[in-house]
Amino acid sequence: MTPGEELPPLTVPITRTLVIAGAIASRDYQDVHHDAEAARAKGSPDIFMNILTTNGLVGRYVTDYVTGRAGPKAVLRKVSIRLGVPSYPGDVLVLTGRILSVNERTIEISVVGTNRLGRHVTGTVLVALPSRTAA
Amino acid sequence: MRSVDDVHHLLKPFEGRPVAVSAPARDPVNAPMIRHWCEAMGDTNPAYAGPDPIAPPTMLQAWTLPGLSGALSGRTPAGRGSVGHTSAHDELFALLDGAGYTAVVATDCEQEYVRPLRPGDEITFDSVIESVSPRKATRIGAGYFITTMMRVRVAGELVGTHRFRILKYAPVSGRLTEKPTEPPRPDRTARPARPRPVVNRDNAPFWEGVAAHKLLIQRCAACGALRFPWLPGCGRCGSPEWGTVEASGSGTVYSYVVMHHPPFPAFDPPYAVALVELAEGVRMISSITGVPHDGVRIGMSVELEFIRVDAGWELPVFRARSEGPEGEVA
Numbered sequence: 001m002t003p004g005e006e007l008p009p010l011t012v013p014i015t016r017t018l019v020i021a022g023a024i025a026s027r028d029y030q031d032v033h034h035d036a037e038a039a040r041a042k043g044s045p046d047i048f049m050n051i052l053t054t055n056g057l058v059g060r061y062v063t064d065y066v067t068g069r070a071g072p073k074a075v076l077r078k079v080s081i082r083l084g085v086p087s088y089p090g091d092v093l094v095l096t097g098r099i100l101s102v103n104e105r106t107i108e109i110s111v112v113g114t115n116r117l118g119r120h121v122t123g124t125v126l127v128a129l130p131s132r133t134a135a
Numbered sequence: 136m137r138s139v140d141d142v143h144h145l146l147k148p149f150e151g152r153p154v155a156v157s158a159p160a161r162d163p164v165n166a167p168m169i170r171h172w173c174e175a176m177g178d179t180n181p182a183y184a185g186p187d188p189i190a191p192p193t194m195l196q197a198w199t200l201p202g203l204s205g206a207l208s209g210r211t212p213a214g215r216g217s218v219g220h221t222s223a224h225d226e227l228f229a230l231l232d233g234a235g236y237t238a239v240v241a242t243d244c245e246q247e248y249v250r251p252l253r254p255g256d257e258i259t260f261d262s263v264i265e266s267v268s269p270r271k272a273t274r275i276g277a278g279y280f281i282t283t284m285m286r287v288r289v290a291g292e293l294v295g296t297h298r299f300r301i302l303k304y305a306p307v308s309g310r311l312t313e314k315p316t317e318p319p320r321p322d323r324t325a326r327p328a329r330p331r332p333v334v335n336r337d338n339a340p341f342w343e344g345v346a347a348h349k350l351l352i353q354r355c356a357a358c359g360a361l362r363f364p365w366l367p368g369c370g371r372c373g374s375p376e377w378g379t380v381e382a383s384g385s386g387t388v389y390s391y392v393v394m395h396h397p398p399f400p401a402f403d404p405p406y407a408v409a410l411v412e413l414a415e416g417v418r419m420i421s422s423i424t425g426v427p428h429d430g431v432r433i434g435m436s437v438e439l440e441f442i443r444v445d446a447g448w449e450l451p452v453f454r455a456r457s458e459g460p461e462g463e464v465a
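Protein sequences appear in the order of chains A and B.
The first sequence begins at 1 in this note's numbering and counts up one residue at a time.
The second sequence begins at 136 in this note's numbering and counts up one residue at a time.
Chain A extracted, bound-state conformation (with noise of 0.2 Å):
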């Protein structure tokens, strides 16, 4: 794992399932997430995928990459990310990223997530790797 180094991307299709279930698994009702007409009234085309499940994705995205080069002791410490487009049932979200930083202790990921409409999600994403000593 070096600086600059591309991750595998990963697709995503975004399913109503996945909408629903992602927003009922984080606990948020909002009917703008699983009520399409709802959504409608509200000058939404459909219903969207919540920030939570997005951020869920990311987490699983970064933690997949780095548990398989650096065991499954790698934690994540930090995701911070910022909405774009909407990710609507249908479409079809590609995640990338890419190596920002790497020390003894930490990796330091940048990612980006797409669909037809244009940038979903950018973010950084800061993971704990295992130390050698402690567990």
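Keep in mind the hints are simulated off the structure, nothing from the lab.
Since the structure is predicted, the reported quantities are computational estimates derived from the model, not experimental observations.
Be careful, since some hints might not be right.
[Unchecked claim] Quick list of in silico lysine to aspartate or glutamate cross-link-like pairs, DMTMM-like style, CA-CA up to 20 Å: (1) B:Lys271 / B:Glu150; (2) A:Lys73 / B:Asp261; (3) A:Lys78 / B:Asp261; (4) A:Lys78 / B:Glu150.
With chain A's structure known, arrange chain B on it following the hints.
For chain B alone, coordinates are given in the frame of chain A:
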């Protein structure tokens, strides 16, 4: 009259106001919620399963949300979700709802995780309104960015922080994120009417002539110069006095173009537009009938006729003579 940005001075005092003080989470950190989350996200990280799992750190905010009963009844009803909550959030939202900023979208989430959460951890949290932006115009509508900062604790120990930014906005109808619709295709059976001529006191006698199947040319009453199209004064001597001469109807194609693009709804390209020189010497723009658009030629001999283009009105056009230009002015 109040300006549209008027509410900002009412919003500003909310900065620094606590939303939650030592508010308890609805449930302790627990394995079933962790499992539901991992299933929804498709996250198979072994650290989140097994006999001693940690919670996915990105679940941090999920532990603090009120859940369905909170969403249905607001934050004020009795129940665990409302304990420790102030009225600041409800007041701020009521103010913005009342001003028309009724919709909410989350824009930013910045989380730091001090230590992993494990099943059994009892969470409390403090939340404060960090900032309220001035009114901003965005792609989805104008509104205010509201940033809150939350500190999450277990038994008094800080385990994580969560900075969250939302846009509270007035939705614009006709979202830009809609899929673009196909442009309407021209319906050949219901073609729009041709543009109508502007008839005024300077040219009304010309259109009266057309209605009587006469093509009238203006002639200056002072110098005798013929002119076409119709104008209030003589281009040669400036006199406003004029009379008319009826055209014989003979002419030749002086020049032409063939229109292919852009299409105009009332017309059906390709078609020829000709500059016809009348036997009297003036020129007029018109259509050529009797030949296809690619059969029009410079020097072609033509003869005046009137066609009815829409119900109620006619136009002078020129029909190509079937024979060659013998006997005509070259």
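How the hints compare with the structure:
1. B:Lys271 / B:Glu150: At roughly 17 Å apart (the allowed maximum being 20 Å), Glu150 (chain B) and Lys271 (chain B) satisfy the hint.
2. A:Lys73 / B:Asp261: 29 Å, violated
3. A:Lys78 / B:Asp261: Cα-Cα ~19 Å, so holds.
4. A:Lys78 / B:Glu150: 25 Å, violated
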